[in-house]
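Asker: First to last, the protein sequences are chains A and B.
Using the numbering used here, the first residue of the first sequence is number 1, and each one after it goes up by one.
Using the numbering used here, the first residue of the second sequence is number 1001, and each one after it goes up by one.
For the record, the hints were derived by calculation from the structure and aren't laboratory data.
Each hint should be verified, as a subset may be incorrect.
Distance condition first, Cα-Cα at most 30 Å in a straight line; then the derived DSSO-like pairs of lysine-lysine [what the hints assert, rightly or not]:
#1 A:41 <-> B:1049
#2 A:64 <-> B:1113
#3 A:55 <-> A:66
#4 A:14 <-> A:66
#5 A:41 <-> B:1113
#6 A:20 <-> B:1061
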Amino acid sequence: GAVVSQHPSWVICKSGTSVKIECRSLDFQATTMFWYRQFPKQSLMLMATSNEGSKATYEQGVEKDKFLINHASLTLSTLTVTSAHPEDSSFYICSAVAGGLGTDTQYFGPGTRLTVL
Amino acid sequence: AQSVTQPDIHITVSEGASLELRCNYSYGATPYLFWYVQSPGQGLQLLLKYFSGDTLVQGIKGFEAEFKRSQSSFNLRKPSVHWSDAAEYFCAVGEVNAGNMLTFGGGTRLMVKP
């Protein structure tokens, strides 16, 4: 149980294009999803917290107009990198939490590697 | 604000040897603590977690961790390392009142010598 998938697993795009990454909870309903980015050999940095049916909460320094997050259902959240540039190249990982506050655990997706040429 | 420190960036152990990965945290209340493992190019897999109760927590793949409040530590241990344990290990502290938001340590890369 508690499987989270991401699609695509790897994407290469030209500078200036937009890329959408999907995060799905396959066997549970996720009231909250998180989006992280990870640069090579570094830790995960939280980008935003997404609650179903409401606007995402972005961490300081993350451009909300560049990284559009939509959490339209309890099993799907999407991250769209708009007008991508080479510096946006990174490993993007989502996680999902079942239920509300307290002892719920984050379950992570396998990640999406974005390379912007 | 909470923070997590993993003092060892790299650790190399011989296969069959014991392992201890250090994790220290800073958090105002009783923390929720996690250890995750990440293989190259992969997402994170939960090894174990501590919420309350017994301070020695058993996880998957033969790992265990001990919560020591007096030392603000949550070190990960394994009595005998296998070559397949080579990966990046992340300690994280969960913030209960912020929707389960996690703060990660910098990670420790484990290499296993044959």
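Asker: Could you run down the list of hints and mark each one as holding or not?
Answerer: Verification of the hints:
In summary, the hint linking residue 41 of chain A to residue 1049 of chain B is supported, as the alpha carbons are separated by about 24 Å, within the 30 Å threshold. At roughly 44 Å between alpha-carbon atoms, residue 64 of chain A and residue 1113 of chain B are farther apart than 30 Å, so this suggested pair is violated. Straight-line distance between C-alpha atoms of residue 55 of chain A and residue 66 of chain A comes to about 15 Å, which keeps the hinted pair within the 30 Å bound. Simply put, residue 14 of chain A and residue 66 of chain A have alpha-carbon atoms about 16 Å apart, close enough for the 30 Å limit, and the pair holds.
As the CA atoms of residue 41 of chain A and residue 1113 of chain B are separated by approximately 20 Å, the hinted pair is consistent with the 30 Å bound. Straight-line distance between C-alpha atoms of residue 20 of chain A and residue 1061 of chain B comes to about 34 Å, which puts the hinted pair past the 30 Å bound.
In summary, the numbered hints that this structure violates are 2 and 6.
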